[in-house]
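A.B. asks: Residues per chain are reported as follows:
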Amino acid sequence: MQHLSIFPILIPLLFGAIMLLPPISRDASSQRIASIIGTLFIMLSSAGLLFQVATEGVQIYALGGWQAPFGIALVADKVSSLMVLLTGFLSFAIMLYAVSGQDKGGAYFHPLFMFQIMGINGAFLTGDIFNLFVFFEVLLIASYALLIHAGGKQKTQAALHYVILNLVGSSLFLFGLGILYGTLGTLNMADMAVKVGQLEGETATLAKTGALLLLVVFGLKAAMLPMHFWLPKTYASASAPVAALFAIMTKVGVYSIFRVYTVIFGESAGELANIATPWLWPLALLTIAIGTIGVFASPGIKTLSANLVIISSGSLLACAAINSEEATSAALYYMVHSTLASAGLFLLADLMARQRGKAEDRFVRSRPFVQPRLMGFGFAILALSLVGMPPLSGFVGKVMILQSTQSNAQTMWLWPLILIGSLAALIAFSRAGTTLFWRHNGSVAAEAEPAKPSEVAGIVLLLLASPLLVLFGGDVSEFTQQAAHYLHDINASAYALLPGVAP
Amino acid sequence: MEGLYAFCVGLLTACGIFLALRGRSFSVVIGLTLLSYAVNLFLFASGRLKLNAAAVLGESEQYSDPLPQALVLTAIVIGFAMTAFAVILAMRARADLGNDHVDGTLPTLPNDLQQKSGGNQ
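Taken in order, these protein sequences are the chains called A and B.
Residue 485 in the numbering used here is what sits at position 485 of the first sequence, and the numbering runs on without skipping anything.
If you count the second sequence from 1, you need to add 1000 to reach the numbering used here.
Chain B extracted, bound-state conformation:
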């Protein structure tokens, strides 16, 4: 179980970082969302993974640490608000700047340059 869980968190983080490094604001927002999912799962695991263990005393033989669950709840709420803000800001930037690139200007690709300057291609 630990291995699968760690793999999932790692995969989510890797996808999140890859998307956050892209140039368009949409994929960056998706990347940040994936990253916050990864963080939530990671925080949840910081109290160790246990099967058949309730977070309330007396409900089961073993009990699990309730604090990470509270932390995850806080992190989910904050992450949700932040994602909502980032989406609105990205839409505002699309309207204000005329494109959806995070720098506000579209980069000139090498192909464009060559075509403009009458290159071979």
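The shape of chain A in the complex, shown without the other chains:
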């Protein structure tokens, strides 16, 4: 179907708007039903889009009928449709978890959730760099409001930092875009990729400034080293469904880095070829290192999962810095795995915190769990997956990343850091599990209640993804390989998208 590309943006927009209107907006239970149906539709339409892209090739959707490069085009290729499906699946699982009571803390949880999904999907699908900025703002303004969902001192404090940082980031984004438009005269990403090779001299230097400003912005979103300080506090203080949805937000930043610095400023960019690599490589390694230190220092399981997000961001950025097809393919596989696993851990951490009474998620002696078996089973699977132990998907993802190094120097830097990061996660999880499950006193907390069926269903859905990613590992990695090949082939990812332009 021709219009399938825009469905992942339109469905959340429509559902979000309908939920703000009277019959549904007044009734919590009909809002929940609408949200479940909405996220299910998003998931199904993005699965349909992925199937269509896999069978028929890249889908270009010219909004308003204005052909690229003059109008805004949505480009559904293998990379973006994979990310959109990931968002759809993640949002459905999170919504299953949220409808059992986590959505009651604030009035507009459901519409905001939908608008954030719209922003994320739009950022993945768009082929225009100014449109990317607009969708960034859509997802950010929804995330600002979602972050303070359910209220509390800690959330306000974290939100203030998060909002100010991202507002400065938006300004930098616009400065970068202004410079790039002034030098290239176009905002369509494919057209930029074609034109950037012709720049030379002073104009090239100007464009380089713009490109590196954009790297700062995407680095801020992806939690790259000097810009990662906001992440642990923000993720640890957000309520569980919001934190789980935020797991894909850092990936939006990483995705933009892949899109901009592989396609536009990639191999064929003339004087500006691979300008991000010298910055990305050391910063990515330092990000992994700082994440590892953070994992050791985490006082509670939410902070621990936030620091694991930083490590996974660092690994993905390292893949972007290696800048080869194998590395991009590994990064896409690892991105799917780490998003789902860390979202699962955020949800499970919330379930644990509610069953432990006053100790919440901190690693201290406390009352025992109401459902120790369920918690233990979920915790073990997630820990194995996130540490990267066989037979789960973390192992496959990490092996793919390790295999993608190209030179001895890269191997010497990347292997120890990733392996030490895994060891740190292993130690932290063992310590956490020992305290959480074996060091108890007193009886079960009076106010603690067992997990509701839909909460368990949401977490199980996220947990199942890990073994499934291994069982169908061959197919998935073949798909990511093709997607990576597409991204690195300038003829396919730029020239083919513009009518009447030949290399």
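Treat the hints as calculated values from the structure; they're not laboratory data.
Nothing here was measured: the structure is a model prediction, and the numbers come from that model.
Virtual Cβ for every residue (Gly too), placed ideally from N, Cα, C.
Any given hint could be a false lead.
What the hints assert, rightly or not - Distance windows between CB atoms, simulated:
#, chain 1, residue 1, chain 2, residue 2, range
1, A, Arg431, B, Cys1015, 31 to 39 angstroms
2, B, Ala1081, A, Gln482, 37 to 45 angstroms
3, A, Phe70, B, Ala1014, 35 to 43 angstroms
4, A, Val501, B, Ile1076, 44 to 52 angstroms
5, B, Pro1110, A, Arg431, 32 to 40 angstroms
6, B, Met1091, A, Glu447, 42 to 50 angstroms
7, A, Asp27, B, Ala1081, 23 to 31 angstroms
8, B, Ala1081, A, His3, 24 to 32 angstroms
9, B, Thr1105, A, Phe51, 15 to 23 angstroms
10, A, Ala492, B, Ala1081, 34 to 42 angstroms
11, A, Phe51, B, Ala1081, 50 to 58 angstroms
12, A, Trp66, B, Ala1081, 49 to 57 angstroms
We have chain A; now place chain B onto it with these hints.
C.D. replies: Chain B only, in chain A's frame:
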């Protein structure tokens, strides 16, 4: 004209960054506002500055690039909404945290420490 324009954008940006780095949420919000003004002017100039050139074909001999004007309009709308949100959030933080410092706690100044510990001053 270019020189004056560039100077204005640079001055606005410098003031914006200076204010955004201050500790109180009010000056940070003002700083972000100045920064967004600077960005809007900057985006406007990315289509080159021209005199007596309309953005519509056939209205004048020369024509200017209409796209930056559309971009500026989008940026103004978004920047306005974001500033409004930041103001509300800053007020909420003032109420929740009891002070208007961006970190939520007032920093202890060296003078205070010395006075508390019975220093010379």
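A.B. asks: Evaluate each hint against the coordinates.
C.D. replies: Here is what the structure says about each hint:
no. : hint                                      : in the structure
1   : Arg431/A to Cys1015/B: 31 to 39 angstroms : violated (49 angstroms)
2   : Ala1081/B to Gln482/A: 37 to 45 angstroms : holds (40 angstroms)
3   : Phe70/A to Ala1014/B: 35 to 43 angstroms  : holds (36 angstroms)
4   : Val501/A to Ile1076/B: 44 to 52 angstroms : violated (33 angstroms)
5   : Pro1110/B to Arg431/A: 32 to 40 angstroms : holds (39 angstroms)
6   : Met1091/B to Glu447/A: 42 to 50 angstroms : violated (33 angstroms)
7   : Asp27/A to Ala1081/B: 23 to 31 angstroms  : holds (28 angstroms)
8   : Ala1081/B to His3/A: 24 to 32 angstroms   : holds (29 angstroms)
9   : Thr1105/B to Phe51/A: 15 to 23 angstroms  : violated (53 angstroms)
10  : Ala492/A to Ala1081/B: 34 to 42 angstroms : holds (38 angstroms)
11  : Phe51/A to Ala1081/B: 50 to 58 angstroms  : violated (37 angstroms)
12  : Trp66/A to Ala1081/B: 49 to 57 angstroms  : violated (26 angstroms)
Checked against the numbered hints given earlier, the structure breaks hints 1, 4, 6, 9, 11 and 12 and satisfies all the rest.
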